[in-house]
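Asker: Protein sequences appear in the order of chains A and B.
The working numbering applies: residue 99 is where the first sequence begins, and numbers increase by one.
The working numbering applies: residue 4 is where the second sequence begins, and numbers increase by one.
The hints are simulated quantities; they were obtained by calculation from the structure and are not laboratory data.
All C-beta atoms, glycine included, are put in the ideal place defined by N, C-alpha and C.
Among the clues, some could well be false.
Below 27 Å or equal to it, Euclidean Cα-Cα: the simulated DSSO-like pairs (lysine-lysine) are [as the list claims (entries may be wrong)]:
id: 1; chain 1: B; residue 1: Lys210; chain 2: B; residue 2: Lys139
id: 2; chain 1: A; residue 1: Lys320; chain 2: B; residue 2: Lys275
id: 3; chain 1: A; residue 1: Lys389; chain 2: B; residue 2: Lys210
Some residues of chain A that are not near chain B, with every Cβ distance over 12 Å (derived) [stated by the list, open to error]:
id: 4; residue: Lys128
id: 5; residue: Lys184
id: 6; residue: Arg393
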Amino acid sequence: MADMAEVKRNVSAAGGTNLAVCAGEQPILKVEHVKTYFDVTKGLFSPKQIVKAVDDVSFSVGRGETYGLVGESGCGKSTLGRTLVKIYPATEGKIMYNGQDIAAFRGAEEKNFRKEVQMIFQDPYASLNPRMTVGEIIKEPMEIHGILSSSGEREERAAELLKIVGLKPDHIRRYPHEFSGGQRQRISIARTLALNPRFIICDEPISALDVSIQAQIINLLKEIQDEMGISYLFVAHDLSMVNYISHRIGVMYLGHLVEEGDADEVYSDPIHPYTKALLSAIPIPDPDVAKRKSRIKLEGELPSPINPPAGCPFRGRCPMATEDCGRERPEMKDYNGHKAACFCV
Amino acid sequence: MALLDVKNLSVDFETDQGTVHAVRDITFSVGESEAVGIVGESGSGKSVTMYSVMGLLAANGTITDGSVTFKGTEITEKAFLNHRAYEACMEKIRGNEMSMIFQDPMTFLNPVVKIGKQITEVIKNHEKISDAEAKKRAVELMAQVGIPSPEKRLNQYPHEFSGGMRQRIIIAIALANHPKLIIADEPTTALDVTIQAQVLDLIKEMKEKLQSSVIMITHDLGVVASLCDKIIIMYGGKIVETGTDREIFYEAKHPYTRGLLQCVHNPEKKEKLTPIAGSPPDLLKPPVGCPFVDRCPEAMKVCKLYMPEAAAYSETHQCACWLEEVKRRKGENHG
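Please construct the entire structure, taking both the sequences and the accompanying hints into account.
Answerer: Right under this line is the structure:
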């Protein structure tokens, strides 16, 4: 069994589709040892309390690639996404966009970065201003960044964008409340596209939507990528959808990246025990498979990131944990392009 | 005799924009110790149906037609002399013989009352027992649903529990009086996958232990696949298809059910996702014909004009679709 898995790993690594490597060019985004900490100390004299939301994470996203970031709530995946667009400053580490450190961006460079890197949020009911018409919502970023010279041209462009995302151009004068959740998510996609972005961070863009609508939005995002070559960081907790849209997947646990690799490899042949448990917990929409499948049961829940356990972050819930796991943090090891941080492999 | 019988139920809501016909003429039954899944998207009427069974409709909602029978007794308000008699009867049933597990454990639990009190309250409402005994029962229940050191946690407040633990408390409260029927309204939607798996296992285990019936309301076909014997698919306030788990997953007849199955990614099979175009109907003005007609890839003229009747394909499998009806009639003519 183990040998077979090894062979499979080698084979798919040789013929793999790691876009960043294949193209042999600089990745659009490179994250090096990034940490995002929040100080939550209560009162002046109490001991210092630090939430280590993102703790030493490194990865890169290639051009035209979708990198899926998965993990349970509280694992730091959204914080990481927000750190990448400079909503939160990184406590430590470097984030390189097109080879340049984003922390050093000032003035025009900063503005250009904010134009090229966009974000789609989870809740389309909260991310659109209810007092603005759809046209105003889509035109606002264009006005801020001085795209197109006249208001009339922007209006035309907004109508065109609505068509691209599958709405009608005459929806431009309507307000967000006149739309359903899925349609609202289309409006926020149109808004991000208004700036011709190169990189979009999608923070759980489908988790607030109905199943039949989720597939619509996912397919729309895929089409846009195929046509415009935009790179995505796709943050979600729904592993099966992430597997569907992503080229590569990173699995986060308690602020750490514990596994990373080609989407299908991570899915069909996970290395880290946490990834294995996460995958086995997904309810499969097929009664025969669901009844046959044995589940790896995880005891307990995510520990608090305020005082994270020393050593491997997962060892408290890991079925394979040994004493060694408590001594130090496992490093990411490379298994032919498929990486995992675990002592027991 | 079925444990729960819902016949021709219709529910309306009065709103500023007009009357919303949330549930329109639905009929189904739940047998003893059977697990039934009601699947549909938001606004399909799946939650409203169960709220009206429990008599928990919001003030602007009314049952306009039909009946609900529980253990052979009708429990719709029109079967009672007045509202007081109805409420008196329902109070005996709710939380005792029929109980509900809600989606969001934080809004269900009272934030300023200790967990222990919230559990004993339910037991003491339906049984005359001493405080000490009720407390002992609460500790047993908490241990049963897998809460570590229950004696200590009895004196804690809801905010001291995590999301998964709170959902376990809700389950403990729902099971306190060994109900005959447990209605779970999207019990795992607010939880993470690993916690969802724990909670689903717990519901399954408890169902077997108590021999109760379970109605699982959900939008996730994955959740019902592992748990339910019978599945009801709702769309636009109507039941469009009913069948056993195998009939729904492998022999689905209705285009909506088939579409729903195609837009969930099953990693075991590598298939492209085919979304269902469009969005659900506006129930302020429900379509006269089939509710799915505007999104159906195979819609015909008749679909817009008349609502198809549910036709039986086996003892357990029913589907309301003109397409199947046409196929069948053609078959008859040829025969």
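Asker: Compare the structure with the hints numbered earlier in the document and write down the numbers of the violated ones, lowest to highest.
Answerer: 6
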